[in-house]
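Quick note, the sequences are listed as chains A and B, same order. First residue of the first sequence: 1, per the working numbering; consecutive thereafter. First residue of the second sequence: 1001, per the working numbering; consecutive thereafter.
Just so you know, the hints here were simulated from the structure itself, not pulled from any lab data. Where hints are given, some of them may not hold.
To be verified - Lysine-lysine pairs mimicking DSS-like chemistry, simulated, CA-CA at most 27 Å apart:
id, chain 1, residue 1, chain 2, residue 2
1, B, K1195, B, K1103
2, B, K1145, A, K8
3, B, K1103, B, K1141
4, A, K8, B, K1061
5, B, K1072, B, K1007
6, B, K1088, B, K1061
7, B, K1061, B, K1072
8, A, K8, B, K1007
As the list claims (entries may be wrong) - A short list of chain A residues far from chain B (calculated; beta carbon distances all over 12 Å):
id, residue
9, A11
10, A36
11, S246
Quick caveat: nothing in here was measured; it's all calculated off a predicted structure. In this text, a Cβ means the ideal position worked out from N, Cα and C, and glycines have one as well.
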Amino acid sequence: MQKNLLFKALANPLALTGFVIIIIMFLLAMFAPIIAPYDPDAFDVKAILLSPSWEHWMGTDGLGRDVFSRMLYGGRISLLVGIVAVGISTAIGIVLGALAGFYRGWIDTVIMRAVDIMLSIPSFFLILAVIAFLTPSIYNVMIVIGLTSWMGVTRLVRAEFLSLGNREFILASRTLGAKDFRLIFVHLLPNSLTPIIVSAVLGVAGAVLLESGLSFLGLGVQAPQASWGNILTDGKDYIQFAWWLSLYPGTAILLTVLGYNLLGEGLRDALDPRSESS
Amino acid sequence: MLKYLIKRVLWMIPMLIGISLISFFIMHLAPGDITSTESAFDPKSSEESRQKLRELYNLDKPVMVQYGLWLKRMVQFDFGNSFKSHQKPVFLGYTDEDGNYTKGMIEQALPITLMINVLGLAITLSLAIPLGVIAARKYQKWQDKSITLFNFVGFSIPGFWLALLMMYWLGVANDWLPISGLHSLNYDQLDTWGKIKDSVSHLILPVVIPSVTGLAGITLFVKNGMLDVLHQDYITTARAKGLNEHTVVYTHALRNALLPLITIVGLSIPGLIGGSVISETIFAIDGMGKLFYDAVMSRDFPVVMGILTIGSALTLVGNLVADVAYAWADPRVRRGVARD
């Protein structure tokens, strides 16, 4: 079923574009050590703020580091943070949503109230506060983004479980004596998987944006480790002299996030029985 | 209606308690106790401010007592004083013996952020509604497809990057617009017209850029709402009656499609407040976002906790207003509410 969904989605040119963008980004990040012409952290005092040329495709930054190499390594961080953060939030969302949707009653009430409360705290404030009280690092960024963005998945999984819970095949296997664990993991969860995947793909887009914003503010990935966000911080400082420090990392973030959004929406359309393509 | 309102307001109390619990929990995330983080950050002021902190949060008492005392002060709108910024009060100001009023930090910053966000929201809505209607009426035609493409880019573009590019283009390369602050240095010497012009030109970038990034979501929402409504029977009836297309779309369909928008605008409040951190930092505007960022960077705990709580309370109030407005605007809900 999942495989069909992917093929169906990729028939849509926008979704295919998104998929290709993501694959290219992953390949670039994976093979960064082979592709990168320079050491991303190597200073070169003779090559400070050089504009793009054949030697430095994307120019150099204020410390003479090669921007293209830093972009490649920065891509690893952005992609990793996005996926790990969404992995955490999706895992939490599945567990809480399943508990709420399966057991209903007071468990449901408590979990859904927690969702309401979390949704009413401006999430960017929450994330900044938590990171400030801990110390900024790539691990904390992943964990904190994950811990503050599980509410959507929780609602989604709960809704799926509630609507599936009354279907005949669930009643049948309950009658046959299936345990809760089996009902949840063998019957309910696999049947709720497609919308969860769609929301996860779209979630990665949001997480990549969030990480770049945090790194831009100096609260995410810390120097000297490169990330697209913190290259942009330099871009802001040197905006009068070095446009390339702003242009390339921003474009990379835009393309990556666009890729996930296109793929996610394509999957959603393929999933939606109302869309014409199905 | 009144019963609904009372129920809805009472409902906010457990929510506020939950929010305060989370805020309180976050404060205790800091390794060691918060006084050690404070002293590690600023060794000069350590002993004095550590003592102040211990008193402020009653760190010598058990955790539950600490929470109770903190909650008690919060209910009285007392969020303590800032560690930095000359120990200004965090939320509301005070009047000294000479009758001079000193504004609290949030009291000063909040109106600025609210003004920018209200203006931005007005721009977003005035663009998103027509775009959404066009996309729905020309569904699957080139107009709809270009709007969809625009939406995808709008969803994906990092707002701070767009801000940087615009700053470079309009402020640095061309010197058309000022790129930081809310007023020029010579603001006080300008005449009234000059002051207006100065304020407007300072506001353009910080207002327009966040509203452009918020445009995509609302446009999509209006489009989907219109698509749903345009397929309803009463629209067919209206057309069959021979009403012209303009009346059908703008009088019959749009009003119904816009109703859920009230809720969406209410739900977007936390995002708007949170998003102000980045835009206010870039454009050097002294609103809630920049205040929060500065407090975070200097570990000014009372300010951080204060803004976190006030920001969440604002969100609750915003959602309340949206719910009540919805109930008031939609006769179905209004009557349903009146019955129960």
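Going down the list of hints, with the structure as the test:
{"no.": "1", "hint": "K1195/B <-> K1103/B", "in the structure": "holds (23 Å)"}
{"no.": "2", "hint": "K1145/B <-> K8/A", "in the structure": "holds (20 Å)"}
{"no.": "3", "hint": "K1103/B <-> K1141/B", "in the structure": "violated (55 Å)"}
{"no.": "4", "hint": "K8/A <-> K1061/B", "in the structure": "violated (61 Å)"}
{"no.": "5", "hint": "K1072/B <-> K1007/B", "in the structure": "holds (23 Å)"}
{"no.": "6", "hint": "K1088/B <-> K1061/B", "in the structure": "holds (26 Å)"}
{"no.": "7", "hint": "K1061/B <-> K1072/B", "in the structure": "holds (15 Å)"}
{"no.": "8", "hint": "K8/A <-> K1007/B", "in the structure": "violated (47 Å)"}
{"no.": "9", "hint": "A11", "in the structure": "holds (16 Å)"}
{"no.": "10", "hint": "A36", "in the structure": "holds (23 Å)"}
{"no.": "11", "hint": "S246", "in the structure": "violated (5 Å)"}
When the structure is compared with the earlier hints, violations turn up for hints 3, 4, 8 and 11 and for no others.
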